[in-house]
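Protein chains in written order, with my numbering: chain U, 1 to 303; chain Z, 1 to 303.
For the record, the hints were derived by calculation from the structure and aren't laboratory data. Treat each hint with caution, since some may be false.
[As the list claims (entries may be wrong)] What follows is a set of in silico ranges between Cβ atoms, one per label pair, in the way DEER data are often shown:
hint, chain 1, residue 1, chain 2, residue 2, range
1, U, Q276, Z, R247, 57 to 65 Å
2, U, A189, Z, D102, 44 to 52 Å
3, U, D186, Z, R42, 19 to 27 Å
Positions of the beta carbon are idealized from the N, C-alpha and C atoms, including for glycine.
What follows is each chain in one-letter form.
There are 2 protein chains.
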Amino acid sequence: MKTIDWIALDWGTSNLRAWGIGADDRIVAEAASDQGMGRLERAGFEPALLALIDGWLPQRRRTLVIACGMVGARQGWVEAPYRQAPCAPVLSDAIATPDTEDPRLAVKVLPGIKQLDPPDVMRGEETQIAGFLTDNETFEGTLCLPGTHTKWVRIAGGEIVRFKTFMTGELFHLLATQSVLRHSLDDAALDTAEFAGTVAATAAEAHRFAERLFAIRAEGLVRGLTAATAKARLSGTLIGSELAAARDFWTDQNLVIVGNGAQAETYAAALRALGQSPRMTDASHVTLRGLTSAYHHIAGASA
Amino acid sequence: MKTIDWIALDWGTSNLRAWGIGADDRIVAEAASDQGMGRLERAGFEPALLALIDGWLPQRRRTLVIACGMVGARQGWVEAPYRQAPCAPVLSDAIATPDTEDPRLAVKVLPGIKQLDPPDVMRGEETQIAGFLTDNETFEGTLCLPGTHTKWVRIAGGEIVRFKTFMTGELFHLLATQSVLRHSLDDAALDTAEFAGTVAATAAEAHRFAERLFAIRAEGLVRGLTAATAKARLSGTLIGSELAAARDFWTDQNLVIVGNGAQAETYAAALRALGQSPRMTDASHVTLRGLTSAYHHIAGASA
């Protein structure tokens with residue numbers, strides 16, 4: 001294996017991803033596990049990390065490990081106190097160092113960002129935003145970062161000006177798997193035309209949101225409704241409601257979705273249904289860019 | 001024990017309640033269990049019923065057992081096909097008879113009601129409405145029946161004119177116990193002033209609904225928030241969203257809440273926060289009134 005200079009970690013609530021980085025910021029190794037922050041006690045973080053990267057670590061020196069995400073929450077490995085928006089996403093202070101037993105590890109956890117009014121928080125997305133701005137230094141506009149908790153972030157002058165979080169992804173999962181609506185859904189892909197229509201209708205008549213949920217079940221019982229249509233209705237209703245509340249973030253903005261896969265595509269389709277033309281950028285790429293930028297800052301400062 | 005002439009059942013998704021009724025429609029015996037429709041296979045209904053009422057049954061004749069609720073759903077004991085609104089809630093046709101083995105049982109399951117446009121369904125509430133109208137024959141206005149799935153029902157000319165269902169109760173339960181918001185709540189009672197303010201704000205600015213959910217968690221992290229305040233925010237946001245969509249049912253209407261306990265009080269407080277003055281009526285009372293009315297109809301027809 002090629003020499004690993006440092007290790008990048010994206011450590012969220014549900015998953016842990018690790019990259020071993022060699023010369024010229026090249027990826028030399030990659031690994032992932034389901035040992036997210038949500039299932040670990042404080043003493044479990046170091047073993048969960050070593051389970052992935054033990055073989056990557058040289059014996060004779062400490063290897064810098066740069067982590068972002070919920071690993072820095074109060075209930076994580078070590079609390080990395082929030083920085084406060086408006087601020088640059090650049091990761092220059094408030095970095096936290098957890099206690100480690102293995103002498104080969106030098107772990108640094110990057111801080112999240114909080115907003116006081118209205119109250120909001122992010123952990124991990126600030127690193128993606130820093131990575132995005134590394135590639136797009138003069139960007140002004142809105143970033144949408146889909147996820148279990150989707151973030152909308154206004155960027156100007158290289159700073160996070162303000163942001164807003166929606167728990168749409170979590171709500172979809174709960175309703176689709178545990179509510180009475182589960183009887184109407186299956187693993188089928190959603191009907192894209194039905195989805196676009198539902199997003200537009202929900203965003204236009206936001207006051208009718210609440211009635212649209214049970215209506216999915218009722219229409220299934222009274223008229224028959226395919227699982228693909230029911231899924232489009234549920235997803236479209238929830239995202240339409242989010243877009244109604246996030247309107248000032250996306251209306252006629254320079255708009256970029258930072259994401260991967262089906263969820264990012266779903267947000268793009270929803271925005272197109274409302275007449276917007278979002279660009280897309282790869283979430284893994286910007287995460288690693290942000291962690292790399294932080295690494296150079298930390299390694300440079302300690303050199 | 002006094003003689004039991006017939007047995008009334010309120011058999012919902014989660015619970016089974018039984019009343020043994022004697023002369024002059026008096027309650028002679030009562031029992032309840034958690035053997036709701038949701039946990040029973042078809043073959044399990046008769047044993048679940050006998051477990052409650054076996055001792056009530058005379059040996060020499062069949063006893064009429066009149067049941068309402070989800071027991072009549074397709075996945076229940078026997079499907080009692082929906083009647084179609086607009087219609088009287090009176091239970092004169094489409095009564096279903098499940099197969100029973102015990103010769104002492106003559107079970108009758110009352111049908112629910114469906115609405116075609118917009119699609120909606122009820123099972124059990126039609127019996128409560130029939131009971132309410134027995135006591136209030138000339139009622140014109142709106143009934144609100146809080147529950148896991150709350151119904152709003154417009155009554156005119158002794159008929160169910162139209163109705164709308166909201167899954168607010170189920171949504172509250174899922175969010176309070178399984179989402180990230182569970183970290184902000186506990187068993188504390190909700191802050192009533194905060195609740196009223198949240199209902200009013202959410203109903204007035206329905207397009208902001210989606211952002212209010214994660215904001216509860218964020219405010220807890222950034223500013224601190226008591227569990228009583230967080231619970232008021234979550235409940236007030238969900239019920240405020242429901243009231244925004246049900247506005248044509250409750251605005252300046254003759255308005256009666258059919259319910260019991262904390263949930264009915266919560267709806268009353270929400271409506272008062274929007275300037276309404278709902279009356280309250282007891283749900284168990286009207287359920288039994290409705291079942292009694294059905295019994296007399298069925299017993300009379302077969303006499």
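Results of checking the hints against the structure:
no. : hint                           : result
1   : Q276/U with R247/Z: 57 to 65 Å : violated, 30 Å
2   : A189/U with D102/Z: 44 to 52 Å : holds, 48 Å
3   : D186/U with R42/Z: 19 to 27 Å  : holds, 23 Å
Of the numbered hints listed earlier, the single one contradicted by the structure is hint 1.
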